Amino acid sequence: MLHRGHQSTDGAGGGELTVPMAWLYAEYIADELLRTGDLMPPTSFEFRAGRDALALTIFLSDTDGELPGIRVVTQLETWLSLTAYDQPWQSWVTERMSQLAAEAAQLEGPDPDLELASAAWRWLEETELLAPDLNAVPGGAAAGEDEGPKVWTPAWQLGLPLGHLAIHLF
Numbered sequence: 005m006l007h008r009g010h011q012s013t014d015g016a017g018g019g020e021l022t023v024p025m026a027w028l029y030a031e032y033i034a035d036e037l038l039r040t041g042d043l044m045p046p047t048s049f050e051f052r053a054g055r056d057a058l059a060l061t062i063f064l065s066d067t068d069g070e071l072p073g074i075r076v077v078t079q080l081e082t083w084l085s086l087t088a089y090d091q092p093w094q095s096w097v098t099e100r101m102s103q104l105a106a107e108a109a110q111l112e113g114p115d116p117d118l119e120l121a122s123a124a125w126r127w128l129e130e131t132e133l134l135a136p137d138l139n140a141v142p143g144g145a146a147a148g149e150d151e152g153p154k155v156w157t158p159a160w161q162l163g164l165p166l167g168h169l170a171i172h173l174f
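Counting with this note's numbering, you get residues 5 to 174 for the letters of the sequence shown.
One thing to keep in mind: the hints can contain errors.
[Unchecked claim] Here are the simulated distance ranges between beta carbons:
(1) Gly-152 with Thr-78: 34 to 42 Å
(2) Asp-137 with Val-23: 41 to 49 Å
(3) Gln-110 with Phe-174: 19 to 27 Å
(4) Glu-119 with Glu-99: 17 to 25 Å
(5) Glu-112 with Leu-134: 23 to 31 Å
(6) Pro-153 with Glu-99: 32 to 40 Å
(7) Ala-123 with Val-76: 22 to 30 Å
(8) Thr-47 with Ala-88: 33 to 41 Å
(9) Thr-67 with Val-155: 33 to 41 Å
(10) Pro-153 with Pro-114: 38 to 46 Å
(11) Leu-169 with Glu-112: 38 to 46 Å
(12) Gly-113 with Leu-173: 13 to 21 Å
These are computed hints drawn from the structure, not numbers from a lab. In this text, all values refer to a predicted model and were calculated from it rather than measured experimentally. C-beta atoms are modelled at their ideal positions from N, C-alpha and C, and glycine is treated no differently.
Sequences are here, hints too, so could you generate the full structure?
In structure tokens, the structure reads:
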């Protein structure tokens with residue numbers, strides 16, 4: 005059964021290949037936004053964190069299952085508000101992932117979009133990246149990127165502001 009933005013590579017019938025178009029499209033949009041902003045080298049873990057956080061935001065904000073048909077410019081404000089500093093993004097992601105998992109459980113077969121989104125979310129939660137400890141800068145003075153204390157930070161906490169900034173720069 006095809007669902008949630010999936011496309012088949014062959015006609016109707018059993019055994020068809022289901023392509024996770026909604027996730028791949030969300031990841032493509034996130035990648036393009038980050039590359040346009042030129043904030044990090046595309047080969048860095050920070051870039052991956054930003055891409056995955058932004059792709060999750062894009063994918064999970066698509067409540068109508070119309071992601072492949074949307075126009076990016078019309079969604080930028082929504083994505084900005086979801087990735088803003090004062091928003092409970094982590095709990096929103098967890099809630100939306102649970103909702104989608106419940107919907108997928110009622111459908112026949114696995115949801116490849118949700119599987120890829122879940123893998124990205126696991127990576128963002130379980131991976132820690134070494135980053136400047138902004139709370140430990142002595143006297144509040146700004147330190148260079150390679151100076152000052154560093155702390156291990158969950159990847160999503162680095163990727164989310166990076167994605168948010170990329171949207172602003174777009």
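Each hint, compared with the structure:
1. Distance hint for Gly-152 and Thr-78: a CB-CB separation of about 41 Å, consistent with the stated range 34 to 42 Å.
2. At roughly 42 Å, the beta-carbon separation of Asp-137 and Val-23 lies within the given 41 to 49 Å, and the hint holds.
3. Between Gln-110 and Phe-174 the Cβ separation comes to about 36 Å, which falls outside the hinted range of 19 to 27 Å.
4. The hint said 17 to 25 Å for the Cβ distance between Glu-119 and Glu-99, and at roughly 18 Å that hint holds.
5. Remark: the range hint 23 to 31 Å for Glu-112 to Leu-134 is contradicted by a beta-carbon distance near 44 Å.
6. Range check, Pro-153 to Glu-99: about 34 Å between beta-carbon atoms, so the 32 to 40 Å window is met.
7. Here the CB-CB span from Ala-123 to Val-76 is close to 23 Å, well matched to the stated 22 to 30 Å.
8. Separation of Thr-47 from Ala-88 is about 28 Å and departs from the stated range, judged on CB atoms against 33 to 41 Å.
9. The hinted window of 33 to 41 Å between Thr-67 and Val-155 holds, with their beta carbons roughly 35 Å apart.
10. Taking 38 to 46 Å as the suggested C-beta distance range, the pair Pro-153 and Pro-114 conforms, at roughly 44 Å.
11. Range check, Leu-169 to Glu-112: Cβ separation about 41 Å, and the 38 to 46 Å hint holds.
12. With their beta carbons about 39 Å apart, Gly-113 and Leu-173 fall outside the hinted range of 13 to 21 Å.
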